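Take a look at the letters that make up each chain.
2 protein chains.
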Amino acid sequence: MFSELFHLELDLPTKHRIYPVILCGGSGTRLWPVSRRSYPKQFVPFTDDESLFQMTLRRLESGFEAPILLTGNDFRFTVAEQAQQTGIDQATILIEPVARNTAPAILAAALLISETDPDGIMVVLPSDHMHHDVSKFHAALSNGIAAAAEGHVVTFGITPTRPETGFGYIELAKAPSEVAQDFVRFVEKPDEERAREMLSSGRFLWNSGSFCFSAKTMIAAFETHCPEMVPVVRRALDDRVSDLDFTRLASVYEESQDISFDYAIMEQISDGKVVPMASGWNDLGSWRTIWQESRPDEAGVARKGHAWAIDCQETLLRSDDPDTAMVGIGLRNIVAVATGDAVLVADMDRSQEVRDAVALLRDGGFKQAEEFAKCYRPWGWYETLALGERFQVKRIMVKPGAKLSLQSHVHRAEHWVVVSGAARVTVDDDVKLLGENQSTYIPLGAVHRLENPGKVDLHLIEVQSGAYLGEDDIVRYEDIYART
Amino acid sequence: MFSELFHLELDLPTKHRIYPVILCGGSGTRLWPVSRRSYPKQFVPFTDDESLFQMTLRRLESGFEAPILLTGNDFRFTVAEQAQQTGIDQATILIEPVARNTAPAILAAALLISETDPDGIMVVLPSDHMHHDVSKFHAALSNGIAAAAEGHVVTFGITPTRPETGFGYIELAKAPSEVAQDFVRFVEKPDEERAREMLSSGRFLWNSGSFCFSAKTMIAAFETHCPEMVPVVRRALDDRVSDLDFTRLASVYEESQDISFDYAIMEQISDGKVVPMASGWNDLGSWRTIWQESRPDEAGVARKGHAWAIDCQETLLRSDDPDTAMVGIGLRNIVAVATGDAVLVADMDRSQEVRDAVALLRDGGFKQAEEFAKCYRPWGWYETLALGERFQVKRIMVKPGAKLSLQSHVHRAEHWVVVSGAARVTVDDDVKLLGENQSTYIPLGAVHRLENPGKVDLHLIEVQSGAYLGEDDIVRYEDIYART
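Chains as they are written, first to last, in the working numbering: chain H, 210 to 693; chain C, 210 to 693.
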């Protein structure tokens with residue numbers, strides 16, 4: 210992988226710097242229950258130790274400037290932490306105050322880059338796609354960057370491998386070659402007959418939502434095709450606020466049109482280029498595509514976690530909870546996915562209707578529609594183990610050096626038992642250090658704080674009791690993560 | 210229901226007493242994950258508040274002697290508690306030291322009854338069957354008891370409603386009437402063609418495993434057809450031991466043949482009678498039969514718990530865990546069942562292969578093959594909420610007046626936090642009372658005891674820490690349930 214990237218540098222004009230712009234604000238529900246609004250698929254560990262977002266970053270780790278990461282307020286700590294784990298600590302994390310689709314997000318990144326480097330080339334990528342052949346990905350990227358350096362707006366089109374009805378297409382003027390070439394137009398998602406025609410014609414590519422251009426070229430394109438957006442986004446950028454590691458766009462951003470980059474720019478320009486990519490791309494946009502990526506055996510059965518199949522075919526069985534064992538018997542064309550708090554069982558061809566399932570649960574007031582039992586916080590995470598009348602048990606992990614806010618609760622008292630690591634606990638004026646197997650009591654109303662002063666993760670069990678146990682019963686007096 | 214029982218009394222010769230003999234030692238796995246070896250289907254709540262075992266007892270609650278309940282050592286506290294909840298506190302709970310199938314169990318009950326009442330009539334029933342029409346059940350029972358009072362060995366045969374291949378059949382000498390009549394022979398489970406023939410002939414009934422005869426008739430039948438079993442079981446009964454509420458057969462019982470009552474007696478006798486029963490019987494022996502009993506809607510979809518169906522047909526969706534939401538999309542002829550720790554997804558017609566699934570999990574060392582997260586004990590229950598390296602969190606419920614054994618642990622210390630109710634805690638020489646939201650610490654090695662001195666259930670959270678956290682790290686000094 211590094212060698213391809215090294216080639217990439219050699220192939221490019223050295224005077225241009227290249228900026229990865231990663232769009233990681235998406236909150237898809239099509240992979241529920243594994244992807245949820247509160248923690249969408251780009252952040253979920255996909256291989257044993259990496260999320261799709263991290264795999265996206267790693268594909269661009271050598272020869273590029275520090276990336277610009279666009280996201281929403283809810284995901285900022287996750288983006289920062291996962292980038293850091295990947296070894297990237299210079300990223301600019303640009304926070305959109307509200308989601309306004311891809312056009313204003315890409316414009317904001319272009320304006321930011323042009324402040325210091327108008328000739329800088331942006332490589333704009335979704336954070337939740339897969340490329341099996343990284344060397345082909347890099348080769349295509351290299352061709353795209355070369356065209357962008359000449360002032361072109363470039364999109365990357367995926368060489369289709371099946372008559373897919375779930376993607377948009379890009380029509381080419383002539384048969385595809387490896388380099389940037391003209392395209393005729395963008396085509397909406399087709400029906401199956403049309404998809405077959407396009408596949409056999411050899412003149413269509415899938416629209417991957419990946420782009421490349423210089424910052425100044427893109428700003429000019431917006432000024433031509435979407436002029437009313439420019440002053441709004443420029444103002445949001447000019448009035449931006451730094452907040453810890455984050456750069457917050459000003460709230461005027463919400464006045465921008467809510468529109469996709471394809472629609473605002475790509476479908477409007479007449480001189481765009483497309484570079485074909487045959488990189489084993491997969492948008493992982495449905496359970497069927499996940500099944501395809503999960504190495505099914507000769508019977509078509511793919512399994513993950515503690516899952517077993519007895520005489521199944523073309524079936525995905527996934528237990529995403531280490532404590533849940535799943536067995537499928539005699540299934541055909543089924544996807545079954547279990548987390549600790551939800552189970553989806555669907556006909557593989559109907560897996561796009563998962564959105565309806567999520568809506569059903571949300572309307573019923575079930576929190577697993579949108580949230581996970583485990584909640585990530587800047588200091589670590591917590592997970593509810595049991596919730597009963599007047600009591601709740603949580604497992605809490607605090608990262609080394611991390612501190613929860615100085616806080617108090619009106620309705621609940623808390624018991625803390627340290628199970629591993631060390632805790633520094635402040636209760637009113639008293640500060641003490643607790644080791645493994647030690648405990649403390651936080652009376653109702655006491656001003657308290659929990660810190661991990663050690664070098665290893667702190668795990669503790671919290672038993673809450675009281676008449677009301679909601680997360681919103683919290684008065685914050687001081688917070689190192691600027692959440693007061 | 211009570212009125213039918215009243216009729217039953219009127220129809221019978223008053224000189225005979227009638228003893229329900231309920232076989233509740235079965236440990237079927239065909240309804241895994243809801244039924245497990247450690248807590249089989251007869252004890253699982255079937256309606257909102259009653260198990261099949263309890264429904265069986267309630268069908269026989271008026272006009273009968275106190276029942277004789279046959280079970281194994283593992284289920285004794287469950288049998289006692291569920292019988293008590295049903296208002297039966299005079300039952301004889303006869304414990305088989307090892308399972309030896311139905312023949313020796315029925316013989317032991319016959320010998321026990323004949324000690325005081327040789328003419329006593331035994332109504333022998335499985336503990337896990339369903340009868341929708343209790344009045345027809347009682348009418349058939351009444352006819353069977355009348356024949357038993359005349360010295361006959363009676364079995365109850367179910368009027369078949371479909372060409373079922375999963376049951377044994379009983380062939381009649383002539384077309385069935387309502388009263389006891391001769392039968393020709395017992396027939397093994399047939400193939401589908403044979404099942405159709407038997408159904409259309411109108412001369413076959415399903416074998417329900419339910420019987421009726423006097424104690425002395427049955428002892429005579431064993432002496433004729435299975436003579437070597439009688440002295441062994443008689444010795445096991447003579448040397449029985451009383452243990453709290455239980456009567457333990459002596460260990461010589463294990464020398465008895467391991468053989469079914471059908472095979473040992475019913476298939477051998479030439480003068481048996483059968484009484485047809487059209488009581489809406491269901492043996493609940495597979496997920497398909499559970500689906501039939503779960504009131505499917507017009508699309509054939511049956512749901513239980515937090516379960517939803519989007520365009521499914523002939524499908525059972527069951528969440529048996531209050532914290533798990535299940536959604537099915539586009540399913541046909543599927544059963545999906547989730548508990549907190551296991552998920553089964555099966556083709557409805559293959560649900561008899563659930564046994565293979567259980568074997569697969571057992572061989573893999575997964576405890577959910579045979580055990581539940583919640584473990585019932587004579588004093589209440591406990592449930593593991595989280596198990597990590599060197600720690601475990603349990604939720605514990607102690608019934609009013611109940612006491613855990615006086616015990617100590619070699620490898621673990623424990624924290625207890627009371628979340629509701631009151632606890633009396635002994636730690637070495639110290640005894641204290643804890644109320645809601647109070648906690649205590651049990652150091653490693655300390656001799657301790659937990660009691661509920663109150664009038665309401667005690668709920669507490671236990672946090673264990675130590676190098677080894679198995680249930681077998683326990684030294685018992687004293688136990689009111691005779692487990693030392």
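Don't read these hints as lab results, they were simulated from the structure.
Take the hints with a grain of salt, since some may be wrong.
Which copy is meant is left open, because identical chains are indistinguishable; a pair holds if it fits in one copy or across any two.
[Claimed, not checked] No farther apart than 30 Å at their CA atoms in a straight line, the calculated lysine-lysine pairs in the DSSO-like style are these:
{"#": "1", "residue 1": "Lys641", "residue 2": "Lys583"}
{"#": "2", "residue 1": "Lys608", "residue 2": "Lys664"}
{"#": "3", "residue 1": "Lys612", "residue 2": "Lys345"}
{"#": "4", "residue 1": "Lys345", "residue 2": "Lys383"}
{"#": "5", "residue 1": "Lys583", "residue 2": "Lys345"}
{"#": "6", "residue 1": "Lys398", "residue 2": "Lys608"}
{"#": "7", "residue 1": "Lys583", "residue 2": "Lys513"}
{"#": "8", "residue 1": "Lys576", "residue 2": "Lys398"}
{"#": "9", "residue 1": "Lys513", "residue 2": "Lys224"}
{"#": "10", "residue 1": "Lys608", "residue 2": "Lys224"}
{"#": "11", "residue 1": "Lys425", "residue 2": "Lys664"}
{"#": "12", "residue 1": "Lys383", "residue 2": "Lys664"}
{"#": "13", "residue 1": "Lys398", "residue 2": "Lys641"}
{"#": "14", "residue 1": "Lys608", "residue 2": "Lys383"}
{"#": "15", "residue 1": "Lys664", "residue 2": "Lys576"}
{"#": "16", "residue 1": "Lys513", "residue 2": "Lys425"}
{"#": "17", "residue 1": "Lys425", "residue 2": "Lys383"}
{"#": "18", "residue 1": "Lys345", "residue 2": "Lys608"}
{"#": "19", "residue 1": "Lys224", "residue 2": "Lys664"}
{"#": "20", "residue 1": "Lys576", "residue 2": "Lys513"}
Every value quoted in this text rests on a predicted model; they were computed, and no experiment measured them.
Unsatisfied constraints (hint numbers, rising) = When the structure is compared with the hints, numbers 3, 5, 6, 8, 9, 10, 11, 12, 13, 14, 15, 16, 18, 19 turn out to be violated.
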